[in-house]
Amino acid sequence: MALGEGAAGSIVPQRFQARLKRAALVVVAALVAVFVTVPVYVMVAVAVQSPTAVFSGGDVNLIVESVTFRNFAVLFQETNTVRYFFNSLVVTASSTVLSTALAVGAGYGLTRFEFTGKTLAARVVLFAYMFSPIVLAIPLYVIFYTLGLLDSYFALTMALTAISAPFTIWLMWQYFQTVPIALEESAWVRGASRTRTIWEVVLPVARPGYISAAIFAFAVAWNDFTMSRVVMSSEEMYTITVGASLFLDRVSIGWGETMAVSLLICIPPFLIAVFLQNYLLQGFNVGGLE
Amino acid sequence: MARPIHFDTVRKEYRTAGTTHVAVDGLSLSIPEGSFTTLVGPSGCGKTTTLRMIAGLETPTDGQIAFGEEEVTDQSPQDRNCAMVFQSIALYPHMSVRDNIGYGLKVQGVPKADRDDRIDEAAETLQITEQLEKMPAELSGGQQQRVAPGSAFVQDPDVLLLDEPMSDLDAKLKSELRVEVQRLHQELDATVVYVTHDQTEAMTMSDQVILLNEGRLAQFAPPGELFDAPVSKYVAEFIGTPSTNMLSATVERTDEGLALVGDGFEVTAPSDRFRDRVGESVVLGIRPQYLSTDGGRYGLVVTAEVVEQLGTEFVVHGHGPDGTPIDAVSSAFGDVDPGDRLAVGFDAEDLFVFGDDGRTICHGDALAADARSQPR
Numbered sequence: 001m002a003l004g005e006g007a008a009g010s011i012v013p014q015r016f017q018a019r020l021k022r023a024a025l026v027v028v029a030a031l032v033a034v035f036v037t038v039p040v041y042v043m044v045a046v047a048v049q050s051p052t053a054v055f056s057g058g059d060v061n062l063i064v065e066s067v068t069f070r071n072f073a074v075l076f077q078e079t080n081t082v083r084y085f086f087n088s089l090v091v092t093a094s095s096t097v098l099s100t101a102l103a104v105g106a107g108y109g110l111t112r113f114e115f116t117g118k119t120l121a122a123r124v125v126l127f128a129y130m131f132s133p134i135v136l137a138i139p140l141y142v143i144f145y146t147l148g149l150l151d152s153y154f155a156l157t158m159a160l161t162a163i164s165a166p167f168t169i170w171l172m173w174q175y176f177q178t179v180p181i182a183l184e185e186s187a188w189v190r191g192a193s194r195t196r197t198i199w200e201v202v203l204p205v206a207r208p209g210y211i212s213a214a215i216f217a218f219a220v221a222w223n224d225f226t227m228s229r230v231v232m233s234s235e236e237m238y239t240i241t242v243g244a245s246l247f248l249d250r251v252s253i254g255w256g257e258t259m260a261v262s263l264l265i266c267i268p269p270f271l272i273a274v275f276l277q278n279y280l281l282q283g284f285n286v287g288g289l290e
Numbered sequence: 291m292a293r294p295i296h297f298d299t300v301r302k303e304y305r306t307a308g309t310t311h312v313a314v315d316g317l318s319l320s321i322p323e324g325s326f327t328t329l330v331g332p333s334g335c336g337k338t339t340t341l342r343m344i345a346g347l348e349t350p351t352d353g354q355i356a357f358g359e360e361e362v363t364d365q366s367p368q369d370r371n372c373a374m375v376f377q378s379i380a381l382y383p384h385m386s387v388r389d390n391i392g393y394g395l396k397v398q399g400v401p402k403a404d405r406d407d408r409i410d411e412a413a414e415t416l417q418i419t420e421q422l423e424k425m426p427a428e429l430s431g432g433q434q435q436r437v438a439p440g441s442a443f444v445q446d447p448d449v450l451l452l453d454e455p456m457s458d459l460d461a462k463l464k465s466e467l468r469v470e471v472q473r474l475h476q477e478l479d480a481t482v483v484y485v486t487h488d489q490t491e492a493m494t495m496s497d498q499v500i501l502l503n504e505g506r507l508a509q510f511a512p513p514g515e516l517f518d519a520p521v522s523k524y525v526a527e528f529i530g531t532p533s534t535n536m537l538s539a540t541v542e543r544t545d546e547g548l549a550l551v552g553d554g555f556e557v558t559a560p561s562d563r564f565r566d567r568v569g570e571s572v573v574l575g576i577r578p579q580y581l582s583t584d585g586g587r588y589g590l591v592v593t594a595e596v597v598e599q600l601g602t603e604f605v606v607h608g609h610g611p612d613g614t615p616i617d618a619v620s621s622a623f624g625d626v627d628p629g630d631r632l633a634v635g636f637d638a639e640d641l642f643v644f645g646d647d648g649r650t651i652c653h654g655d656a657l658a659a660d661a662r663s664q665p666r
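Going down the list, the protein sequences come from chains A and B. Each residue of the first sequence is one higher than the one before, counting from 1 in the working numbering. Each residue of the second sequence is one higher than the one before, counting from 291 in the working numbering.
Extracted from the complex, chain B is given alone in its bound form (with noise of 0.2 angstroms):
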């Protein structure tokens, strides 16, 4: 049965020889029942740490950790009901893959018969039927794969975890693996969590992606809100590819009201956020699919450097006259040359603006309701 996970401001150090190191930091969220989650970040951010700490592999130092009414924080692996899908994959070398993916079974004790059923079964599902009587050691690196969620699968476990369990895979393998994944997840009723480093897999699957900053919380969100509504720089920064162009302006003073006044630009800015904020510094992301060639309020001048074909699509690496660097992806840009300079517009909802912390001050949204409030 699936159940919901609470963490209350959990902390957890690292204490070697005098220094500690401090993993995570004052987590605090609730993992919906039934989920799908994904812990996102770059390495060393503390998703891994937080996602042992739920399997019982590692005990907080501060803060409590809770699945639905019950306190887990002390509790030993072996008591919780947790499944876990490990990065190194974990096959138990000296036992078939039958044997492998029986083994919490066994261990359990349900009886051989019953056990050898629910294994058939999962076999089936995951594809592996002729692989069961095999010995790891005999498996390829993909098949392997495909068996380590298999013990997870005839488990039924209350929260099935996963730890980068695509990280060495090729990308045709991880995408069909992707999709076993998910199945897996509609399947299962447990609440399933997600470590990974790779924001598409984090995008592609999730219903909620927790993003960590060197054991923060950055955004604790739906992948589509993460993306549209960054609530920091650093969200911003790192969801989406290529990365958010960072733009910096200040806060002005015009004849038409306040504006943000950057390098070849001055977009409108509404009075009742930025009044207080006159003079000050602030910059301005846009994604950069939100470039075009064609149309935008705004203009910027882009001298490309480095142009690259994805599919249909094409990347420009470049940068603007103060020599920002500045991306821009889109399909027109077949026959642009390094060295070219291309006159690129944007629109004022597409941006965001954070300020010199790093919080977002406000989304495009308000931006552009507000420019079009104003007679022009």
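The following block holds chain A by itself, in its conformation from the complex (with noise of 0.2 angstroms):
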């Protein structure tokens, strides 16, 4: 019998298929978490020991035995840590609002208006998705330097919106398509304006839809670093990407500190994929990336 014939099941006994499919999956699953697991758990391991723990004997060593905030301490007392912390935050919040907005609006615009050149500007849209970053940082860079704007959160905050809204616009105008216009005109027979429908009705119902375009704008903010370094010039402006790089070339600063830091810079995703985890779920599914 050649491959692909006779009926399911045939040459392999449905059953043992099926122990084979679970078993599968256990050790994919497992070599997944062994990948992902082991590079944060050595961060953890020696940013919470002091380094004289960590390097005892000549060895790295991973076994936490005692926790110390020495680590932390040095940060804050020796780096801009806080600072680089606070930029970061400021830009993060101010694109994840400004990229969800705009993709809030084009994406209704895009499915609840007929308009010439429609499929060419949601094309356009996808296509800018596909620049890397670093296409945009010089081009930007030449802008924000003509308009005297180079050293500013809001020159950040436009370049991240940048590199994020042509995701968040493509996610929501896939997410408005999933929304029945028919609720809108029921609204607005029973005497809603579109203004109050949007708010009333509209928003509401897209809430996973924008929820998850404001968390994936929040990451591309969140985790740049090329913007950064290409927009902001002085240090007290750095991101704490660009800061926490900046560490690795100090003397007075090692593995221990570098390990504390990329802890603090874990910390923000972490807690939203713990609260908002059934929201990205839903948004993403919708736009077809399960």
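Just so you know, nobody snuck in bad clues.
Below, a sample of chain B positions facing chain A; criterion: calculated Cβ distance under 8 angstroms: (1) Ala345; (2) Leu347; (3) Pro367; (4) Cys372; (5) Ala373; (6) Phe376; (7) Ala380; (8) Tyr382; (9) Pro383; (10) His384; (11) Tyr393; (12) Gly394; (13) Val397; (14) Gln398; (15) Ser441; (16) Gln445.
These are calculated hints, taken from the structure and not from any lab test. Ideal Cβ positions, reconstructed from N, Cα and C, are used throughout, including at glycine.
Both chains are sitting in their own frames, so use the hints and assemble them into the complex.
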């Protein structure tokens, strides 16, 4: 019998197939878990132990025996970490809000109104998403330089939004296609104006969509390195990612402190993942990204 | 307060990329106030477009729509006191059933206590009191379908529009809701316009039926008239199940005067109507219910192909001697097998006569009156 012929389960019995499937699933899941958790564990282990404990005996000691906040203390005393962190929060929050608002507006418009060049506009948006940040970085640098906006929160917010908006717009455009227009029409017939309908019907229904968009915009902005490096020129304007990368060049800052700052960088995404994971999955399901 | 709806040569076109699609073409009619009017027709005949123009969700390309004396052609949906039940039900997923029903009142600024009273009352009528505090996702399809008219109920609209609200329901629920919708009509002081492609719904529920054919009005009449006196072949074929049998015939001059001669029958025709049509071909329509095995002045031989049982009656799908498909319905067909040849008879008064253009030349009563007056 050639490959692909015969009834399902005729070569390998159904029951065996099912078992094989389950075993394969467990193995794959375990491998993924190991790859993901080991680096995270190393980071945590190095961050919460003192350098002497980690490197005692000339080897890297990854079994946590004593927990200390010494690395964090050094970070806060000797570096600008707090300032970097604050900068990151400001630009990330502004860019997330801006990108999401833009996406909601564009998505609503693209699905609810007919206008010439609509398909073209949608394609351009998706095409723009394929650019690497560095491609945009230089032109944006020139623009901000000309406008005298370099080294400002505003410029970085704009730059980060330029990276995340194509995807968030595309996501919301897809999401709004799944929101039945009959919901809005039914509100209009009942006397609600378009604006009121948007606030009371469209936005609540589209919530999983725009929360996903916001999470994506957040991730782009929070993890950004390129734009911050290009747009921000003075040290006190650096975001946490750029700031942390500088630590590696400094003699007074070691592995422990670097891992400590890494741990700090992980906290906001971790909190978001914990609290908003349901929304994240709902939104991306609709976008066809399961 | 119920208001009549007037259409004056309403036309609706959709233009997409150079092609123009005419959804509704020159529709002129008046729907009486407080009536239950059904818009019926096959898919794509413009019935939903017509309904949406009444609601204000579509603007006519040409012509006027008026509610009573007030012209509403360019009024926004918010300004017309309409209520609409959508085919997709359109319950807001983020609001409880109570808030869904009361949303229109909330928009109008009715105070909460007053709102709640009216919602409770409506819920009682629709038997959904237990569902009021639930979210739409917790309801079954049938329960959602019961909630949908609730908002129309509390709003006291001038015009109530229903767009195929029962298209996805099973037969039992359909018949239950049919009663519900009619009760809604009785209790509300509103003109009801109901869209459906199901002619049983149209025929059983409405005072008036508007039958559309590709955007044009085919016939606007009470259900009985639509059944007994179709104005065209299209109406006769669309209304009634199974569809009306169409037999071709020619108008010929015989010894006894004019006659409609077909394959195996010769029906006397009144000379005043057919004098100018000698030699023309016509189509005779006869409803399957009027073909009987006993009696009937004119005979047909039908070869049975398929026999269906519909409760106490049997539907025979077959063909005539010349291959024309012919259906017959009777409780006497219980022992008919496929392949059997049946002799069925019909009377002149049950016939419809259609001209070549599909328009009705005359109904059976004219033929029969003439046949009686002539000596046999």
